[in-house]
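Line by line, the protein sequences are chains H and A. Read in this note's numbering, the first sequence has 151 at position 151, and its numbers run on one by one without any break. Read in this note's numbering, the second sequence has 10 at position 10, and its numbers run on one by one without any break.
Note that these hints are calculated values from the structure, not bench results. Even glycine gets a Cβ: it sits at the ideal position worked out from N, Cα and C. Keep in mind that the hints are not guaranteed to be accurate.
Now the stretches of chain H that chain A is said to cover, found in silico as 3 or more residues with beta-carbon under 8 Å [as the list claims (entries may be wrong)]: (1) 48-54; (2) 232-245; (3) 318-331.
Simulated DEER-style distance windows between Cβ atoms [to be verified]: (4) 153(A) to 161(H): 33 to 39 Å; (5) 317(H) to 203(A): 46 to 52 Å; (6) 39(H) to 198(A): 55 to 61 Å; (7) 201(A) to 281(H): 42 to 48 Å; (8) 204(A) to 295(H): 29 to 35 Å.
Derived list of chain A stretches under chain H, where covered just means 3 residues or more per stretch with a C-beta under 8 Å from a C-beta of chain H [to be verified]: (9) 14-28; (10) 62-74; (11) 85-95; (12) 133-140.
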Amino acid sequence: MSVVLGIETSCDETAAAVVDGNYRVRSSVIESSIDQHRAFGGVVPELAGRAHVTTLGPVVARALANAGLDAHHPAIDAVAVTSGPGLIGSLLVGLSAAKAYALGWGVPFVGVNHLEGHLFAPLLEQPDLAWPVLTLLVSGGHSMIVLQSGPGQHEVLGETIDDAAGEAYDKVARWLGLGYPGGPEIDRLAQRGDATALKLPVSMTGPDFDLSFSGLKTAVVRATEKHHEVALGDVAASFQAAVAEQLLRKLRHAMERYDVRGVALAGGVAANSALRAGVRSLADGFAVACHLPTLELCTDNAAMIAAAGLYRFGADGPSPFNLSASPNWQLVDVS
Amino acid sequence: MNILAIDTATTACAVGIATDRGATIVRVLDTDRHHTESLAPGILALLEECGLTPRDLHRVVVDRGPGLYTGLRVGVTTATSLAQALGCALVSVTSLELLAWGAHDDGVRATVLCAVDGRRGEVFAQTFQLGEGVEAVGEPEVARPRDVVIAWATNGAPVTFTGDGVERYLADFVAVPNGAVFAQSVPSLHAALTIAATREPVAAISPLYLRDADAVANFSTRERRS
Ligand SMILES: [Zn+2]
């Protein structure tokens, strides 16, 4: 049975995890430099890159120790690492480390697509899940609907034509004078707000599966300029409802079009309470399985990278040691 | 003692090895910022050439800068991860001391100003006194080449300039009447291998950036908005 060490450093999370051949997580360690970025209202590439250099070694050491593996002679079969997409200066740290560990231990290494990693998260909780599965992948960097016919078999049905959903949350939060990142702040405020207080348009109501969020952000700005009296909680609730409605409407279209046995939520925005509730009721309505991975597996982590690496290593073999980072690597280009 | 040396502080990517059978090989793998692509294959090839495996290494020495930020991250991460994987000793050197030793080992003596290209119109510079050995005069600092040149021309003392920061702003440096230029762009890994044999190992290494992260953050945030 294969055992893989996964490494993830594509953004502000520094993560390492050990996953075995049955997609069982033996350890998963996640550190984040997010506190350093708050003041800047977004992830600052140079700060993230510096943090990875000092944090990654100890994170890997803890992941090995938590999995009961020897630090210098770990019983692993490969090292998997995110080689894209992401911040180039951050990706390079993980990639350099992965190559060095593989070289030192005499095992192969494999470069993994970060987005494909997200698609493997549900398997870590349910290795025998029934295919096909429709996955809504939403995060600060990406928003897409993906049809998966099996592990590593995916077709992107539609994706955002402008901002990612998480980006829209951050921009609206900044406009409202809330902290960064915007998702948790808006979600918290929305709990006490009235979602019908502001009339916001639902974009992209057409039959295809593409998404769009920049118009919604503009609509929030216009509406709050016109109606100063609307409470912050009501704005947050209205915005969050409009985001969820667009995503769930598209997901419902896809469920109607494709005969699937499960629906899954992945990416950082999957932590959103409105979205989780909506996906669950959609799954119930279509009588299919609902895969809502725990928050630790939804947000960026290395267990999902190890899982995707396990599959890619089996399907395509190891990566060459001259592999470079691919900051713009699209999911459709993964094969 | 088998020692591996790594240098990624400039646009070049270089590796070196000294074996306990007395062989020393130093190789510049690339000169065009392909640190990520070149380094690991270069290390493997060098080990193979010496009939060694990574497990045979006793020490890894790395140039922690100052220099190119991404290059330093690749080099320092590779060295520290490799040492962590093997459980072997880790030694750190600076790009500026390697330049000073490189000049020293080629016969240069007296006062030497080493300068590494720091981008944004600046160099990372430090002065050394070369005699029997090499002694640093002051700390490494960020400076504008014109200011360095004016200071030395005013001072009037004989000085030798070396490093890729000097090559980048060569016209400025050759204009100093009391100055000479020693052509050297890649920090000396021969020197790194020699130093590593006796220097006390460390538990961890961070790149020597010389500009603090907040300044860089403000800079890059401004850059993105404009
Ligand atoms: Zn992600």
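>> Flag every earlier hint the structure violates by its number, smallest first.
In response: Those not satisfied are hints 2, 4, 5, 6, 7, 9, 12.
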